[in-house]
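Construct the entire structure; sequences and hints are all you get.
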Amino acid sequence: MNLDLALVLALLAAAIVMFALNKPRMDAVALIMLTALPLTGVLSVGEVLAGFSDPNVVLIAALFVVGEGLVRTGVAQRLGDLLVAKAGTSETRLIVLLMLVVGLLGSVMSSTGVVAIFIPIVLRIAQNTDRSPSRLMMPLSVAALISGMTTLVATAPNLVVNAELVRSGAAGFTFFSFTPFGVPILVLGIGYMLVARRWLATRADAAGDAGRPRLGDWIDAYALAGREQRVRILPHSPLVGMTLEELQLRNKSGASILAIQRQARFASDIIRPTAKTRLQANDVLLIDLFAPDIDIPKLQHELALVPLPHSGRYFIDWSQQIGMVEVMLPEGSALLGKTVVLAEFRRRYGLTVIGLRRGRAAFGHGFVDEELRIGDVLLLVGFWTDIRRLQSHRADLVVLNLPAELDEVLPAGTRAPQALLSLAVVIGLMVSGIVPNVQAALIGCLLMGALGCIDFASAYRSIHWSSLVLIAGMLPFSLALQRTGGVDLAANALIQVIGGAGPGVVLASLFAITAILGLFISNTATAVLMGPVALAIAQELHASPYPFAMIVALAASAAFMTPVSSPVNTLVVAPGNYGFADFVKIGVPFTLVVLLVSVLLVPVLLPL
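Residue numbers (the numbering used here): 92 to 699.
In case anyone wonders, no lab produced these hints; they're calculated from the structure.
Warning: the hint list may mix true and false statements.
[Claimed, not checked] Capping the alpha-carbon separation at 20 Å, the derived lysine to aspartate or glutamate pairs in DMTMM-like fashion look like this: (1) Lys-389 with Glu-319; (2) Lys-343 with Glu-393; (3) Lys-343 with Glu-319; (4) Lys-429 with Glu-417; (5) Lys-429 with Asp-460; (6) Lys-343 with Glu-435; (7) Lys-367 with Glu-336; (8) Lys-343 with Asp-384; (9) Lys-343 with Asp-460; (10) Lys-343 with Asp-386; (11) Lys-429 with Asp-384; (12) Lys-367 with Glu-319; (13) Lys-429 with Asp-487; (14) Lys-429 with Glu-462; (15) Lys-367 with Glu-417; (16) Lys-343 with Glu-461; (17) Lys-367 with Asp-477; (18) Lys-177 with Asp-145; (19) Lys-429 with Asp-408; (20) Lys-177 with Asp-460.
See the structure below:
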């Protein structure tokens, strides 16, 4: 062993120890290695920093942006809602559908991103079905890791190993090269989790909204249920052609129009009502009946309105557009001494008062003629954009509570078709090979932006910069180990130990070493280190490089055994309330299953 190799191995060992201790954080370790490697004299500063210009690093960043477009437009959330509707009350059906949806979505975007998307969805499912999140979070992480085995772009280790193949002069994998391995493993994973869920203790949710109210809490507190009406204006209605200012519905009938649903050319638009809004035939009105003694049938007959069904209590089914907020009147507010009507909340803030709380007493009715006092708490309803603007009116009112549903509002909820089109273009370009994968992903990012699915600020926020720094910081080790003979040394040592035992044993050993390394360092860093070793072994054995590269990629994604093996696992620890032993108990047996399946399938589908 020469001095240069000894220095590189010493740095690598130091990195592994720091990764295992998680001190400092992983991206900081990568930056330390970037700084230290040029000091060995093995690599220049330019060679060390070349990882940041690697096409796969740019590709991963672009895929984060594409995934964010799916989140902002509600594609991912609608998948979750569909999942709940189809699963019903069956936990078995719920786990099967959850793992299938996560596996499908994770095949075309970052598995880490998929888990981040689905954690609030799964928490909501657990809450709505009265289940412990610990029963669902582990199937979520297992499915997300397996999704990394289904396509080339599903996870960073696949791209790292593919880049090593291309660097060695091979053609590289295609988009669906991984699919014949990932699909059977996903099926096995679903069956395994249906059994293994019994080994997970039922625990309470450790990551809730910590007392943050939900819309349903306010509906109960202010007795709003039953006040809502959804009606359609008939063509002969006297309301047709009138403005809301002319109508004066609140003063005349004890009712307030909260929103107007108007049929556009291809879809329905939700319109914010203002004094100058002119009503049209077939408009659908969302109405709050704040007066307790309204003769609803008489009002509908006089105004030629047809009642329509609504699926949620007090328009809770419209929570993507319409929300609520509690505000308090401070000393010096310009609203003090005025009644709710005279305060003109709609004109000032675009919001409607639907409840008042004075001390411990909450009023859902009979408050409109009350003079407002210091400390009064008002419940307002209206569009989220108007609710967010309330922060600029601090002199007159103070925002007390924003509901948990605010975090679930989609910034581009009407752009789901455009997001799906962009995703289809990316997948089509990658599958066809017309342009390089990184260019296809960048085209998808530009389409997402041009079609209004994402903006620059959200695009930059969506990129997991720490993951990119980790990958770019560890990539130089591959070149350093090759240049100093470390890769050949490791490959020769492995061949001397097991080389005569047959290709199956060699593949199994590569899988095992990669999986064991993954106990201590991230699966991406493991792929960076083991990819060159696998290809060197293939060269020594005069065999095709593809099965050896594939076994390393599959093993890198089989990071089921500890909570630090992959960010996917780390993300579900808190919401699932898991301990280290839970991952060992669930992950070790399944890793052995994946090892056996991979060693059997790889030589058959990718001949040696």
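Hints, one by one, checked against the model:
A threshold of 20 Å between alpha carbons decides the hint, and for Lys-389 with Glu-319 the separation of about 16 Å falls inside it, so the pair holds. Straight-line distance between C-alpha atoms of Lys-343 and Glu-393 comes to about 13 Å, which keeps the hinted pair within the 20 Å bound. At most 20 Å may separate the alpha-carbon atoms for a hinted pair to count; Lys-343 and Glu-319 meet this at roughly 18 Å. A hinted pair counts as satisfied when its Cα atoms are at most 20 Å apart, and Lys-429 with Glu-417 qualifies at roughly 18 Å.
A threshold of 20 Å between alpha carbons decides the hint, and for Lys-429 with Asp-460 the separation of about 9 Å falls inside it, so the pair holds. Taking the CA atoms of Lys-343 and Glu-435, the gap is about 16 Å. The hint holds against a cut of 20 Å. For the hint linking Lys-367 to Glu-336, the alpha-carbon distance of about 6 Å falls within 20 Å, and the restraint holds. Between Lys-343 and Asp-384 the alpha-carbon distance is near 13 Å, which keeps this suggested pair within the 20 Å criterion.
Proposed proximity of Lys-343 and Asp-460 is supported: the alpha carbons are some 14 Å apart, at most 20 Å. The suggested pairing of Lys-343 with Asp-386 holds, with an alpha-carbon distance near 13 Å, which does not exceed 20 Å. Only pairs whose Cα atoms come within 20 Å are accepted, and Lys-429 paired with Asp-384 is rejected, the gap being roughly 24 Å. Taking the CA atoms of Lys-367 and Glu-319, the gap is about 23 Å. The hint is violated against a cut of 20 Å.
For the hint linking Lys-429 to Asp-487, the alpha-carbon distance of about 12 Å falls within 20 Å, and the restraint holds. For the suggested pair Lys-429 and Glu-462, the alpha carbons sit about 5 Å apart, so the restraint of at most 20 Å is met. Among the hinted pairs, Lys-367 with Glu-417 is inconsistent with the structure: their alpha-carbon atoms are about 27 Å apart, more than 20 Å. Pair hint Lys-343 plus Glu-461 holds up; C-alpha atoms about 18 Å apart against a cutoff of 20 Å.
The suggested pairing of Lys-367 with Asp-477 holds, with an alpha-carbon distance near 17 Å, which does not exceed 20 Å. As the CA atoms of Lys-177 and Asp-145 are separated by approximately 42 Å, the hinted pair breaks the 20 Å bound. Distance restraint check for Lys-429 and Asp-408: the Cα-Cα separation of roughly 33 Å exceeds the 20 Å cut-off, and the hinted pair is therefore not satisfied. Simply put, Lys-177 and Asp-460 have alpha-carbon atoms about 47 Å apart, too far for the 20 Å limit, and the pair is violated.
Against the hints set out earlier in the document, violations occur for numbers 11, 12, 15, 18, 19, 20.
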